[in-house]
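Asks: These are the residues of each chain, in order.
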Amino acid sequence: MKLIGRIGFAGAVLLLAAWSLLPVIWTAITSISKVKDLTALPPNIFPDAPNFGSYGKLFGFDQNSWDVWATMRETSLNSLIGSVGGMIVVIFLALLSGYAFARVRFPGRNWVFFICIATMALPGYAVMIPLYQLMMDMHLLNTYPGIILVFCSAFAPIAVWLMRGFIAGLPYEIEESATIDGAGRWRILFAIVFPLTAPGLVAVAIITFLGCWSMFVTVMVFSPSLKTLNVFISEFVLKTSIDYPMMCAVGVISMIPPILIVTFLNRYLISGLMMGSVKS
Amino acid sequence: MFRQHRARYGDAYLMIAPFVLLIILFVLIPFALSLVYSFKNMVLTNPDDIHWVGFKNYAKLFTDPSIRRTLGNTGFYVVVTVLFEMLLGLAAALLLRRNFRIRFLVLAVMILPWALPPVVGGVTWRWIFHPQYGIANVLFERWGWISEYQLWTVNKWVALLLVCLIVVWRNLPYASLILLSFLQQIPNDLYESASIDGAGKWQQFRRITLPLLAPGITIAISMATMTSMNLFDEPYIMNQFSLDTMTITMKNYTVAFRDLKFGYGMAISILVTVITLLVNYSYIKSMYKEEAS
Numbered sequence: 157m158k159l160i161g162r163i164g165f166a167g168a169v170l171l172l173a174a175w176s177l178l179p180v181i182w183t184a185i186t187s188i189s190k191v192k193d194l195t196a197l198p199p200n201i202f203p204d205a206p207n208f209g210s211y212g213k214l215f216g217f218d219q220n221s222w223d224v225w226a227t228m229r230e231t232s233l234n235s236l237i238g239s240v241g242g243m244i245v246v247i248f249l250a251l252l253s254g255y256a257f258a259r260v261r262f263p264g265r266n267w268v269f270f271i272c273i274a275t276m277a278l279p280g281y282a283v284m285i286p287l288y289q290l291m292m293d294m295h296l297l298n299t300y301p302g303i304i305l306v307f308c309s310a311f312a313p314i315a316v317w318l319m320r321g322f323i324a325g326l327p328y329e330i331e332e333s334a335t336i337d338g339a340g341r342w343r344i345l346f347a348i349v350f351p352l353t354a355p356g357l358v359a360v361a362i363i364t365f366l367g368c369w370s371m372f373v374t375v376m377v378f379s380p381s382l383k384t385l386n387v388f389i390s391e392f393v394l395k396t397s398i399d400y401p402m403m404c405a406v407g408v409i410s411m412i413p414p415i416l417i418v419t420f421l422n423r424y425l426i427s428g429l430m431m432g433s434v435k436s
Numbered sequence: 563m564f565r566q567h568r569a570r571y572g573d574a575y576l577m578i579a580p581f582v583l584l585i586i587l588f589v590l591i592p593f594a595l596s597l598v599y600s601f602k603n604m605v606l607t608n609p610d611d612i613h614w615v616g617f618k619n620y621a622k623l624f625t626d627p628s629i630r631r632t633l634g635n636t637g638f639y640v641v642v643t644v645l646f647e648m649l650l651g652l653a654a655a656l657l658l659r660r661n662f663r664i665r666f667l668v669l670a671v672m673i674l675p676w677a678l679p680p681v682v683g684g685v686t687w688r689w690i691f692h693p694q695y696g697i698a699n700v701l702f703e704r705w706g707w708i709s710e711y712q713l714w715t716v717n718k719w720v721a722l723l724l725v726c727l728i729v730v731w732r733n734l735p736y737a738s739l740i741l742l743s744f745l746q747q748i749p750n751d752l753y754e755s756a757s758i759d760g761a762g763k764w765q766q767f768r769r770i771t772l773p774l775l776a777p778g779i780t781i782a783i784s785m786a787t788m789t790s791m792n793l794f795d796e797p798y799i800m801n802q803f804s805l806d807t808m809t810i811t812m813k814n815y816t817v818a819f820r821d822l823k824f825g826y827g828m829a830i831s832i833l834v835t836v837i838t839l840l841v842n843y844s845y846i847k848s849m850y851k852e853e854a855s
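Heads up: the protein sequence lines correspond to chains A and B, in order.
Take the first sequence: its position 139, counting from 1, is numbered 295 in this note's numbering, and each next residue is one higher.
Take the second sequence: its position 5, counting from 1, is numbered 567 in this note's numbering, and each next residue is one higher.
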């Protein structure tokens, strides 16, 4: 019986991995295929000889494509600054607001919270043009602070909602005894709540980073000359044809930062909730 | 009255201030302007003739047949994708809560669809289902599921389901991660004492996991709904602006940004917002109930 359970469990894990991985593998294979292999009939599942030409171009090993390498460098840097910046600001906003919404019964709390969360229901197009005008007046178009603030306005509501949920789920006793000991709200927030919500913050960090990282239309509109990696990718998708190997190669490379972030933060998501810390 | 509040709640107002200011400046003010535009005949190619038209843009929503079709498609996407994202997401989260040796690795692998840029993911899926060179046709024919190569997007329902497949594939990690982070918060002691009391696995799931996971489920369902209400990339990449698979958001885009009929476009945006809020109302209301108790 136990053996059957274990086999079933392993099977389920394998299924999950295959479902997630197979299309990604297909992207990776495409990135090292020649166009000739892609359009062979019947299609080749595996290219006869891997061709790393696309990667060579992207990293400037090919002298004729130094401009591609320059754009690659520049757009990667822009993506990183925008996404890491957005992630840090959102974590900060979510921790502060999430705590206030979860633990302080201030007048107007429910209404302010409801309205801010309801903004998630707005389609991006509902704000795009007026926001463009506003950002032009504030000289935020094509700037890092501009990109970061727009990213934050998109992802802060969900982050605040999640953090409020996490903090509301924490046992109140520790905070209560700290209050009796005379600790103020800010001390309680940073000394007690902050370390206890590690898994929540990690989930928020991952969600925000990945959200910012995959932003596309927003960047095209608000920052057309300070391009991100996704905008660079779309340049391989032309009206009449798609440069599949190049596009897939940039796609594969652009998965690396999210993977690094997730693997690094993973352990806090999993171990953080040795909620045993409550006992001490 | 106010001074008293400031003394007692000043810290709380200070804590929410950055977030609330950001939302006011970057979302609420622009949205208010859009709301104003939706009552004007604002056509950007004709900027000299902008005047109030009352509810004319809104009246047009009811007579425009493409609104009904795109809304119908959007509804189909929402129902199918939210259902599968929640069921599979919960299954994946329950799987990943267990402690096993390669959990780190599986979690990282699960996130991959979400880390792949949407354009690349969409184009890869389209390539997989390409009528001539696609791997789906090759494998399905080899396995005897189909007798000849299929033009997948010709059949409306197949096209709709293909879009759903891509959307679920891409957004599953999102739902799963939210659920997993809430699952992690449930203390183990609860399960230990429940199993001492003789509760079975199913009982534990129903009595402990589900109720404590409820806030996470609410958030995950809401997020999945809002994402699916606003699909653009996946249907566009699969089928461009074909009415068979087009969403209301794509309609919104073509009206406001391609035809530059901005006033009418904003009326569509408002329609989408109202529907999304109504759909989410029940979840949000249940949140409030739970909070009041």
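Incorrect hints may have been included.
[As the list claims (entries may be wrong)] If you anchor each label on the Cβ, the simulated ranges turn out as follows:
#: 1; chain 1: A; residue 1: Arg423; chain 2: B; residue 2: Ser757; range: 22 to 32 angstroms
#: 2; chain 1: A; residue 1: Phe270; chain 2: B; residue 2: Leu576; range: 17 to 27 angstroms
#: 3; chain 1: B; residue 1: Val598; chain 2: A; residue 2: Ile415; range: 12 to 22 angstroms
#: 4; chain 1: B; residue 1: Glu703; chain 2: A; residue 2: Ser397; range: 22 to 32 angstroms
#: 5; chain 1: B; residue 1: Val598; chain 2: A; residue 2: Phe270; range: 43 to 53 angstroms
#: 6; chain 1: A; residue 1: Ile348; chain 2: B; residue 2: Gly634; range: 44 to 54 angstroms
#: 7; chain 1: A; residue 1: Ile348; chain 2: B; residue 2: Leu822; range: 26 to 36 angstroms
#: 8; chain 1: B; residue 1: Pro773; chain 2: A; residue 2: Arg423; range: 26 to 36 angstroms
#: 9; chain 1: B; residue 1: Asn661; chain 2: A; residue 2: Leu233; range: 55 to 65 angstroms
#: 10; chain 1: B; residue 1: Pro693; chain 2: A; residue 2: Ala174; range: 33 to 43 angstroms
#: 11; chain 1: B; residue 1: Leu839; chain 2: A; residue 2: Leu416; range: 36 to 46 angstroms
#: 12; chain 1: A; residue 1: Lys158; chain 2: B; residue 2: Leu805; range: 23 to 33 angstroms
[Claimed, not checked] Simulated coverage check for chain B against chain A, where a stretch passes if three residues somewhere in it have a Cβ under 8 angstroms from a Cβ of chain A:
#: 13; stretch: 719–726
#: 14; stretch: 760–769
#: 15; stretch: 784–797
[Said to hold, decoys possible] One-sided excerpt, in silico: chain B residues whose CB lies under 10 angstroms from chain A:
#: 16; residue: Phe617
#: 17; residue: Tyr620
#: 18; residue: Trp689
#: 19; residue: Phe744
Quick caveat, the hints were computed from the structure, so don't treat them as lab data.
Think of the CB as a built atom: it goes at the ideal place given N, C-alpha and C, for glycine as much as any other residue.
Asks: If a hint holds in the structure, say so; if it doesn't, say that too.
Replies: Results of checking the hints against the structure:
| no. | hint | in the structure |
| --- | --- | --- |
| 1 | A:Arg423 / B:Ser757: 22 to 32 angstroms | holds (27 angstroms) |
| 2 | A:Phe270 / B:Leu576: 17 to 27 angstroms | holds (20 angstroms) |
| 3 | B:Val598 / A:Ile415: 12 to 22 angstroms | violated (44 angstroms) |
| 4 | B:Glu703 / A:Ser397: 22 to 32 angstroms | holds (26 angstroms) |
| 5 | B:Val598 / A:Phe270: 43 to 53 angstroms | violated (23 angstroms) |
| 6 | A:Ile348 / B:Gly634: 44 to 54 angstroms | holds (51 angstroms) |
| 7 | A:Ile348 / B:Leu822: 26 to 36 angstroms | violated (54 angstroms) |
| 8 | B:Pro773 / A:Arg423: 26 to 36 angstroms | holds (28 angstroms) |
| 9 | B:Asn661 / A:Leu233: 55 to 65 angstroms | violated (38 angstroms) |
| 10 | B:Pro693 / A:Ala174: 33 to 43 angstroms | violated (25 angstroms) |
| 11 | B:Leu839 / A:Leu416: 36 to 46 angstroms | holds (37 angstroms) |
| 12 | A:Lys158 / B:Leu805: 23 to 33 angstroms | violated (54 angstroms) |
| 13 | 719–726 | violated (count 0) |
| 14 | 760–769 | violated (count 0) |
| 15 | 784–797 | holds (count 7) |
| 16 | Phe617 | violated (18 angstroms) |
| 17 | Tyr620 | violated (14 angstroms) |
| 18 | Trp689 | holds (7 angstroms) |
| 19 | Phe744 | holds (7 angstroms) |
Going through the hint list in order, the structure does not satisfy hints 3, 5, 7, 9, 10, 12, 13, 14, 16, 17.
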